[in-house]
Amino acid sequence: MRAATSAAIEDGVLPTLTALLVALVAGDLLILSYGQAPGEVWRLMMSGTWGNAYGIGQVLYKATTLVFTGLSVAIGLRAGLFNIGAESQLAAGGFCAAALGLLLPTGMTPWLAIPMCLLAAMLGGALVGFIPGVLRARFGAHEVIATIMLNFVVLALLNWAISATGLAVPETLHTPPVASSSIPRLAAFFPVFHGSAANGTILLALMAVTVSAWLLFRSRFGYELRATGLQPLAAESAGIRVPRIWMMAMVLGGAVAGLGGSNFVLGYKNYFEDGFNGGAGFLGIAVALVGRNNPFGVLLAALFFATLSQGGLAIHALVPKQMVEVLEGIVILAVAVSVPEVRRLLRARPAPSATTLPVTV
Amino acid sequence: MKLTLLLMLQTLRIAIPYLFAASGGVLAERAGIVSLTLEGFMLAGAFCATLGSFYFGNPWAGVLMGLLGGCLFGALHAVATIRFKADQIVSAVAINLMVVGLTRFFLRLAFDSSSNSPRVAGFGRDGNAGALATFENPLIWLGVIVMPALAWVITRTRFGLRVRAVGEKPEAAATLGVSVSRIRYRAVIASGALAALGGCYLALDQHQFTDQMTAGRGFIALAAVIVGRWMPIRAGIACLLFAFAEAMQIQVQGAGVLPSQFVSMIPYVLTLVALAGLVGRAVPPAALGRVEG
Amino acid sequence: MRERADQGVSRAAGRGAGSAAVAPAVRMSGVCKFFGPVQANSEASLEVQAGEIHAVVGENGAGKSTLLRVLAGLYAPDGGTVEVFGRDVTGWSTSDAIAAGVGMVHQHFMLVPTLTVAENVVLGREPMSGLTYDRATAESRLETLSRESGLACVPSRLVSELSVGEAQRVEILKTLYRGATLLILDEPAAVLSPPEVDELWRVLRTVRDAGATIVLVTHKLDELMEVTDRITVMRHGKTVMRLRTSETTPAAIATAMVGRAVRLDANGMPVGADAAALGLAASTDEDAGAADDHGAELDGASVSEAWTAILDAGAPPDEMIVSSARNRITRSAPAAIISAPTPTYADVPRLRITALTVPGPRSPRAVGALSLSIAPGEILGLAGVEGNGQTELIEAIAGLRATTSGTITVDGTDVTRYSIGKRLALGITHIPEDRQTRGLVLDYSIADNLILGRQTHFSRSGRIDRARTLAFAEDRIKAFDIRPADPNALARSLSGGNQQKIVVAREMPADFRVLLAAQPTRGVDVGAIEFIHDQLRAARCAGKAILLVSAELHEILALSDRVAVMYRGRIVTILPRAAASEDVLGPFMTGAAS
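Keeping their order, the protein sequence lines are chains A, B and C. Per our numbering, the first sequence starts with residue 1, numbered consecutively. Per our numbering, the second sequence starts with residue 1, numbered consecutively. Per our numbering, the third sequence starts with residue 1, numbered consecutively.
In case anyone wonders, no lab produced these hints; they're calculated from the structure. Just to be clear, a hint being listed does not mean it is correct.
Said to hold, decoys possible - Here are the computed distance ranges between Cβ atoms for each label pair:
no., chain 1, residue 1, chain 2, residue 2, range
1, A, Glu10, C, Ala76, 23 to 31 Å
2, A, Leu17, C, Ser95, 36 to 44 Å
3, A, Gly166, C, Arg417, 28 to 36 Å
4, A, Leu103, C, Asp511, 52 to 60 Å
5, C, Gly462, B, Ile237, 46 to 54 Å
6, C, Thr416, A, Leu103, 48 to 56 Å
Said to hold, decoys possible - Covered stretches of chain A, going by a simulated chain C footprint (3 or more residues, C-beta under 8 Å):
no., segment
7, 233-239
8, 325-339
As the structure is a prediction and not an experimental result, all values here were calculated from the model. All residues carry an ideal CB built from backbone N, CA and C; glycine is no exception.
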């Protein structure tokens, strides 16, 4: 048993370490191609992120959104579904939060307005998750294609809603500010974070991590969800309603991603802006993958990717910030490649019908 | 009459990149490898074509470079998913992300711009020449025949027969001494090249590269593959259909018939409908996306 | 291509004529093959003369299939040599093997369903005309081949439209097209209906008479006596002996397969638990269990004559095998059945099925208007060739498959429209055929697997009660002797027998009413088989109703109170155990009687 545990740890840690190493080497090459010294650039990246309170605040802000989208993808993967739709779920959540916020009377107490807007964000995301969920559960449509296609549909709809319906402030692609339901910035409590976007949503993210972990690993629903993801036929035989689990996993994932929209809309800008999602949903895939579909792993991975993306801004004077996009891709690819490879090396003996990632198309 | 002709030509121009990319998608998916990578392949093709045309001053050098770029990323996807058995979807997501980053990075490095390259030698006359100038771009002709050619390859040639076998039941092919990996490598690399041609067409038609210039066309091509049920001719028709909708939208722009956002949704909504089996079930190749061994 | 095939056949024919002088078609010696820590072959050997039909027999897991896969180039051996037609080919690849005229017909067909028959046959060696694959030539060649070999087929049909027998013919044609002079068939009869089996034997004889050499794997002795020329017996990864079919008896083969003398019935067939170990269909013999290895009688003279080569002569028998075999005999006494109370037929049946029709993947009436009932304290054995609707019936009762008409009642409650979960709650439990996909979540721990389907009982306000789960697991692990006795060990890490014990332990709680046991001992070691049988008997005595489906007739005969035979979705006969025997059931299973 001890051997099995250590193997599980190796299985969890080795691919990540490999990926980091590969990314480091690739980053060196990119930096060198730009005629800069790698050591210098990496140092700048660290000092611009974890080196000062503003940097830390920005990393925390970016990580907050990534925690939500990462959890969304991880919950899907635990149920055996690949949710590529976190991007549009995030956007829809943000839109619904802002829309409700605009409808609420301006004098409303934040103690009521904020929870209502959060609920709206969850509902918006859940609705976008529900569609591929139902297509999968009811029609057997593959969720990867469905979520990708739905991303385009939802983002186009939101773009239309903001640009063609007079919802936006003229000459912009964002709504007027939502005054009543703004989540306070971290700087309101810790002045040292002044100027950074980090806000109270961070607590919500930590709660989401804890609740997801409890739900996945302690609750009966999580037991059934993971069984469905690992061995759907066995789950079916055990009386678990597999299509229902699929649907609930997509709805839940959508709701979590939607909640992430509040970080920008309620916590940072106080308005919905077309395109605020900016790839955070897709990066959620990377976060879930590197976090190995474990909520606490997702938290760490979100911090890592947030550091990268904030670090990109810090090094922009020396090397184009786009370098970090390349590195993100490399980390994902390296983890994807090394997970089955490490598992193969650890599992010398052939396991019957070994499945690698809980994903098929 | 003139309007109809214009509409048809416009449809064709819009359809060409879809046709190239969708042909790559059909080929790779029929061999059992998921083609979420088309977007990345196209973008890589467009960027490399611009680089080639820029440095050699010849659009054909651009095409060659674009093909090389597509092959390179096709090979990367192939090695990750075939040799290392990485999850195909994850690999595709990574490659798409990586290509966006790389093109932006090298856009800065090569042209010191964050948005676009300078003008380069391309096909066809610059700017808005007459409708018939469409045909001055030789890639148009290639684009028109790519789907029929692929149909011929898949149904008539030995390679096509093996691709179909490998995508449906790889273990059967393997027991007959057909190397599943080799067929898949070829199919995925070729799909990279084909999709990259779509990117070449875009860049050389516009005589420059702009950031993220493929703008989701790779996913529209994938939609065409699914709506076309993995059959080249049907996928080609789907491409033309999607392009026609866009051309219509451009023609009636301002008429306020339908917001442009709704027109742009058509391919995706159709795909969702096809996936749900509302207009005949879309059954993918049996081994699509499966990790072997 | 055609020429190659012709040459191959004539070459082989020539060799057959002067058999003594030339090298044998196959000579494998000292072959070892490991899969991780498991040794599938240890010092196994095989010698096949050109132009003969040669069977490799042995118990499940004796290493037959592995040995032949090494021969066909699918596995590289970890030791030993492989010679084919006198050439050392050790460690060759499939393509090498195909090129050398060795073709393998796999147990699970290796056909691409979306391609035509002709395309499947020529795949990998397609006739070309210029740049294209020459479909016309492919089809006409196949037609010629089909005519010459007597294997009928329609080249332009899609393989997905073929029956199992037709698909197997295509598999054989594939090897012949490649000019195979040595055909390897892995359990070719297992999936066929009786007339198709006869057809297969006819085809194999034709192919042999044309000069080819045939090696086939089986664990069913009765099929072999008529069709084969020689037999190689394997046991525990080793080759035990090789003999001429005409000079041996089933007794001698059986003895060699289990590694000790076997008690035989009047017809010379092994009986009782011995038959179980051999995978043989046993005939009725109520006191077979009283047999022990010391009391066994054999026709010693014929055996010694038959043993042309005892390859492991002098090697001490594996003590563990012998002792477990003894155990089995003493514990499996069917006396247990006799002493148990008889089922109470007067009661309301526990399970009653009335005019049930169930659609299957291939037919809308995989089960057609079937009726049966099982009394409390009864085991009803459902015999039949696989694929006659047994799976669909079980899945319909378990709630996994929709029915089109008819009713299922349990203790008078109509459960036809119940969900799976509701059926479970009512006490309908299910040991599925395929434990690895349906029975277990392989990446869950033993404890988590033991509560699968009953997770509601083990949770309080939505939370799984870890302490109660672990306590329950520890209890079950002890009661069912599951090893390792660690509730946190992953099911994946367990042996097949221990995995099956988890399923059995879970599906046989104290309060169940009806158990659907589908192939409950498939792929399970001998010790676990006996344990599971004991559990089933105990449940029977406790008044449960058990529907037992098994591909092994001996298992059905050893456990059942009544035996029903299913053929083409219907019950063709139901007999009390005393009236059932292989001879009686056989004609019903093949559709010859009704």
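Quick rundown of the hints versus the structure:
no., hint, result
1, A:Glu10 with C:Ala76: 23 to 31 Å, "28 Å, holds"
2, A:Leu17 with C:Ser95: 36 to 44 Å, "39 Å, holds"
3, A:Gly166 with C:Arg417: 28 to 36 Å, "53 Å, violated"
4, A:Leu103 with C:Asp511: 52 to 60 Å, "55 Å, holds"
5, C:Gly462 with B:Ile237: 46 to 54 Å, "51 Å, holds"
6, C:Thr416 with A:Leu103: 48 to 56 Å, "50 Å, holds"
7, 233-239, "holds (count 7)"
8, 325-339, "violated (count 0)"
In this structure, the earlier hints numbered 3 and 8 are contradicted, and the remaining ones agree with it.
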